[in-house]
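Novice: All chains, full assembly: derive it from the sequences and hints.
Here are the chains, one letter per residue:
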Amino acid sequence: MSYIKNITDGFGTAATGMKFTLKHLFSPNVTVQYPNTNPYTEISAVDKIPDRARNRLLLDPDICNGCTSCARACPVDCIEIDTVKVIANDPDQPTLSDGTKRRLWLAKYDINFAQCCFCGLCAAACPTEALKHTTVFDYCTYDVNDLLYHFSTMTPEQIAEKKKLLADEVKAKAAAAAAAKSEN
Amino acid sequence: METTYYIYNLIANSTTELIAAVIVAIIPLLFILPYALVAIYGELKISAFMQDKLGPMRTGPYGLLQPIAEVFKLLQKEDITPDAADKPLFNIAPVLIFVGSYAAFAVIPFSSYFAPSGLNVGIFFAMAISSLAVIAIMMGGWSSGNKFALLGAFRSVAQIVSYEIPAAMAVLGIAAMANTLNINTIIESQSGWFWNWFLFGGQGGIEKIWVIPFTVVMCVIYFISSLAECNRTPFDLVEGESELVAGYATEYSGMKYAMFYLAEYANMFVAAALITILFLGGWSSPLGDILNGPIWQLAWFVIKTMSIVFLQIWVRWTLPRIRVDQLMFVCWKVFLPISFVCFLAMALARMVQ
Numbered sequence: 001m002s003y004i005k006n007i008t009d010g011f012g013t014a015a016t017g018m019k020f021t022l023k024h025l026f027s028p029n030v031t032v033q034y035p036n037t038n039p040y041t042e043i044s045a046v047d048k049i050p051d052r053a054r055n056r057l058l059l060d061p062d063i064c065n066g067c068t069s070c071a072r073a074c075p076v077d078c079i080e081i082d083t084v085k086v087i088a089n090d091p092d093q094p095t096l097s098d099g100t101k102r103r104l105w106l107a108k109y110d111i112n113f114a115q116c117c118f119c120g121l122c123a124a125a126c127p128t129e130a131l132k133h134t135t136v137f138d139y140c141t142y143d144v145n146d147l148l149y150h151f152s153t154m155t156p157e158q159i160a161e162k163k164k165l166l167a168d169e170v171k172a173k174a175a176a177a178a179a180a181k182s183e184n
Numbered sequence: 001m002e003t004t005y006y007i008y009n010l011i012a013n014s015t016t017e018l019i020a021a022v023i024v025a026i027i028p029l030l031f032i033l034p035y036a037l038v039a040i041y042g043e044l045k046i047s048a049f050m051q052d053k054l055g056p057m058r059t060g061p062y063g064l065l066q067p068i069a070e071v072f073k074l075l076q077k078e079d080i081t082p083d084a085a086d087k088p089l090f091n092i093a094p095v096l097i098f099v100g101s102y103a104a105f106a107v108i109p110f111s112s113y114f115a116p117s118g119l120n121v122g123i124f125f126a127m128a129i130s131s132l133a134v135i136a137i138m139m140g141g142w143s144s145g146n147k148f149a150l151l152g153a154f155r156s157v158a159q160i161v162s163y164e165i166p167a168a169m170a171v172l173g174i175a176a177m178a179n180t181l182n183i184n185t186i187i188e189s190q191s192g193w194f195w196n197w198f199l200f201g202g203q204g205g206i207e208k209i210w211v212i213p214f215t216v217v218m219c220v221i222y223f224i225s226s227l228a229e230c231n232r233t234p235f236d237l238v239e240g241e242s243e244l245v246a247g248y249a250t251e252y253s254g255m256k257y258a259m260f261y262l263a264e265y266a267n268m269f270v271a272a273a274l275i276t277i278l279f280l281g282g283w284s285s286p287l288g289d290i291l292n293g294p295i296w297q298l299a300w301f302v303i304k305t306m307s308i309v310f311l312q313i314w315v316r317w318t319l320p321r322i323r324v325d326q327l328m329f330v331c332w333k334v335f336l337p338i339s340f341v342c343f344l345a346m347a348l349a350r351m352v353q
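Residue numbers (this note's numbering), protein chains in the order written: chain A, 1 to 184; chain B, 1 to 353.
Errors might be hidden in some of the hints.
Cut-off 30 angstroms, straight-line C-alpha distance, at most; resulting in silico cross-link-like pairs (DSS-like, lysine-lysine) [claimed, not checked]:
1. K73(B) to K147(B)
2. K132(A) to K163(A)
3. K163(A) to K48(A)
4. K53(B) to K48(A)
5. K87(B) to K77(B)
6. K5(A) to K333(B)
7. K208(B) to K5(A)
8. K101(A) to K171(A)
9. K77(B) to K53(B)
10. K53(B) to K147(B)
11. K163(A) to K173(A)
12. K53(B) to K73(B)
13. K23(A) to K53(B)
14. K53(B) to K19(A)
15. K87(B) to K19(A)
16. K5(A) to K19(A)
17. K164(A) to K101(A)
18. K85(A) to K19(A)
Derived CB-CB ranges, DEER-like [as the list claims (entries may be wrong)]:
19. N36(A) to L75(B): 47 to 53 angstroms
20. I43(A) to D83(B): 51 to 57 angstroms
21. L18(B) to F20(A): 52 to 58 angstroms
22. P34(B) to N36(A): 47 to 53 angstroms
23. I7(A) to L311(B): 18 to 24 angstroms
Calculated from the model, a selection of chain A residues having no Cβ within reach of chain B, i.e. all distances over 10 angstroms [as the list claims (entries may be wrong)]:
24. Y3
25. L25
26. R72
27. D77
28. S97
29. D98
30. D146
31. L166
Bear in mind the hints are in silico, worked out from the structure with no lab data behind them. Computed from a prediction, not measured in an experiment: that's the story for all the values here. Where is the CB? At the ideal position from N, CA and C, for every residue including glycine.
Specialist: Below you can see the structure in the form of structure tokens.
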């Protein structure tokens with residue numbers, strides 16, 4: 001009797017499958033025609049990319065205090081930071097955008113998105129919320145070097161000037177220390 | 001059937017018989033090529049829709065130019081003949097497989113006013129000539145000098161030769177009921193409303209009702225057997241890509257592969273047309289004498305046949321491939337005994353009529 005059962009089972013399961021595919025033949029498609037349809041704005045709330053999705057990072061250099069927490073948190077070392085100390089009597093009297101005094105000039109802040117794994121550890125580590133994920137996800141380039149993003153707004157001349165100020169201050173302090181030592 | 005050769009006579013009266021013969025022979029080719037494009041596009045779109053996807057959308061509006069682009073792609077490809085191949089056989093095989101499916105069009109009547117040939121043993125010829133595909137596949141697979149191609153060819157022969165038998169039993173049953181092998185006569189004996197189709201037991205009053213289950217089962221058997229003969233999923237063991245790379249077509253590329261591709265779709269149409277002729281009344285209108293002119297008959301024939309082609313595509317994208325031992329089990333232990341019983345019932349129906 002398993003012979004008859006095999007045959008009825010075979011046709012029964014085939015019919016179930018055929019019914020299923022027929023149902024899907026007429027059900028709406030789930031494909032998003034991506035370059036024509038923006039997956040953030042032009043599709044239903046259910047299908048769109050979540051707002052908290054981790055996409056390209058953006059640094060606000062006016063908030064960043066140059067603490068390098070992000071670079072130390074990065075598992076792939078794709079963030080490179082170079083800072084210059086702000087001397088006590090700097091002519092610019094720099095402040096961060098929250099009003100506190102800036103301690104470090106952000107001479108270099110580079111993120112290489114060719115290496116970035118979008119884990120989000122850097123943004124979580126940032127104490128001032130200067131580093132955040134944006135909704136920009138399509139930024140392919142023809143040249144891999146174009147994926148190295150420079151976020152620092154300082155020009156090379158400004159950096160050289162600030163380095164010189166710092167060197168002068170160090171020299172002055174050293175001279176003062178030497179003078180104090182010779183007095184003793 | 002004085003109207004069967006209507007187009008032939010029309011051309012022969014104004015020119016010569018030779019020109020008329022050539023033109024009548026070419027008309028099915030003019031049908032196959034656009035049909036293949038439509039079938040490829042349909043297969044791409046239906047398979048995509050069944051998976052809730054969109055299918056080709058970039059080549060032309062709604063991807064309508066996709067099959068044409070695929071044909072051009074195949075034409076551009078390098079035509080490679082492997083060193084280990086038996087070159088004459090390797091080169092003949094793609095032509096032969098297309099010859100097999102194209103020759104079957106010789107007896108397929110598109111309308112009561114057009115059949116390339118009104119052969120008296122038409123259905124027998126169609127069965128015989130479509131078996132030529134076995135030789136072509138074996139030829140292509142063996143001469144490729146590739147173990148995957150040879151394995152695919154082995155499977156193909158085992159499969160097609162086995163499934164010819166239930167298919168032949170179905171044809172035999174219809175031939176017994178219609179009392180002829182002539183395709184036009186088979187179709188004419190199903191004329192009238194759709195309950196006169198052989199799917200529903202042929203002509204006759206309410207007393208024919210006991211034979212309907214047998215004819216329906218026979219139709220299902222013939223449909224599944226024709227799937228196996230066309231090497232369509234779930235019987236695509238011949239070219240099962242997860243097991244045999246591409247089966248007998250592994251070493252083929254470019255134009256020769258395109259010939260295999262075209263022959264597959266032509267074969268699908270032949271199988272669907274034979275089901276239409278044998279069980280669904282061929283070109284005759286399902287509504288009796290309503291809409292039964294020559295052009296309407298062409299439309300009815302194409303609609304019925306394309307519905308069967310759709311069914312083939314639908315089955316392909318639903319069912320997974322079956323195992324080799326299951327393939328043989330289904331053929332020899334299920335279809336064959338059941339088709340014998342159905343054949344006896346159909347012959348009995350003819351006797352008591």
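Novice: Now look at each hint and say whether the structure bears it out.
Specialist: These are the hints, each one checked on the structure:
About 27 angstroms separates the Cα atoms of K73(B) and K147(B), which keeps this hinted pair within 30 angstroms; it holds. In summary, the hint linking K132(A) to K163(A) is supported, as the alpha carbons are separated by about 29 angstroms, within the 30 angstroms threshold. A threshold of 30 angstroms between alpha carbons decides the hint, and for K163(A) with K48(A) the separation of about 47 angstroms lies outside it, so the pair is violated. About 17 angstroms separates the Cα atoms of K53(B) and K48(A), which keeps this hinted pair within 30 angstroms; it holds.
About 19 angstroms separates the Cα atoms of K87(B) and K77(B), which keeps this hinted pair within 30 angstroms; it holds. Taken as a hint, the K5(A) and K333(B) pair is honoured in the structure, with Cα atoms around 14 angstroms apart against an allowance of 30 angstroms. Note on K208(B) and K5(A): the hinted pairing holds, with a Cα-Cα distance of about 29 angstroms set against a maximum of 30 angstroms. With a C-alpha separation of about 23 angstroms, the suggested pairing of K101(A) with K171(A) holds against the 30 angstroms cut-off.
This hinted pair checks out: K77(B) and K53(B) have alpha carbons roughly 29 angstroms apart, not beyond 30 angstroms. A hinted pair counts as satisfied when its Cα atoms are at most 30 angstroms apart, and K53(B) with K147(B) does not qualify at roughly 36 angstroms. With a C-alpha separation of about 15 angstroms, the suggested pair K163(A) and K173(A) falls inside the 30 angstroms cut-off, and the hint holds. About 24 angstroms separates the Cα atoms of K53(B) and K73(B), which keeps this hinted pair within 30 angstroms; it holds.
The suggested pairing of K23(A) with K53(B) holds, with an alpha-carbon distance near 13 angstroms, which does not exceed 30 angstroms. With a C-alpha separation of about 18 angstroms, the suggested pairing of K53(B) with K19(A) holds against the 30 angstroms cut-off. Restraint check for K87(B) and K19(A): not satisfied, since their Cα atoms lie roughly 47 angstroms apart, outside the 30 angstroms limit. Taking the CA atoms of K5(A) and K19(A), the gap is near 21 angstroms; set against the 30 angstroms cutoff, the hint holds.
Between K164(A) and K101(A) the CA atoms are separated by roughly 20 angstroms; this keeps the pair inside 30 angstroms, and the hint holds. Between K85(A) and K19(A) the alpha-carbon distance is near 72 angstroms, which puts this suggested pair outside the 30 angstroms criterion. Restraint check, N36(A) to L75(B): a C-beta distance of roughly 30 angstroms breaks the suggested window 47 to 53 angstroms. Our hint of 51 to 57 angstroms for I43(A) and D83(B) holds, since their Cβ atoms are close to 53 angstroms apart.
In this structure the supplied range 52 to 58 angstroms holds for L18(B) paired with F20(A), their Cβ-Cβ distance being about 54 angstroms. Range check, P34(B) to N36(A): Cβ separation about 30 angstroms, and the 47 to 53 angstroms hint is violated. Roughly 20 angstroms separates the CB atoms of I7(A) and L311(B), a value that falls within the hinted 18 to 24 angstroms. Non-interface status of Y3(A) relative to chain B is broken: a Cβ of that chain comes within 10 angstroms, the nearest being about 8 angstroms off.
Distance to chain B contradicts L25(A) as a non-interface residue, since its nearest Cβ pair spans about 5 angstroms, not more than 10 angstroms. Every C-beta of chain B lies more than 10 angstroms from that of R72(A), the closest at about 44 angstroms, which supports listing it as non-interface. With a cut of 10 angstroms on Cβ distances, D77(A) stays outside the contact zone with chain B, its closest approach being about 39 angstroms. With a closest Cβ-Cβ approach of about 46 angstroms to chain B, S97(A) is found to remain outside the 10 angstroms limit, as its non-interface label requires.
Its beta-carbon lying about 49 angstroms from the closest one in chain B, D98(A) satisfies the requirement of being farther than 10 angstroms from that chain. The claim that D146(A) is not at the interface with chain B holds, since no C-beta of that chain comes within 10 angstroms of its own (minimum 26 angstroms). Separation of L166(A) from chain B is adequate, the least Cβ-Cβ distance of about 57 angstroms exceeding the 10 angstroms criterion.
Consistency note: the structure conflicts with the earlier hints numbered 3, 10, 15, 18, 19, 22, 24 and 25.
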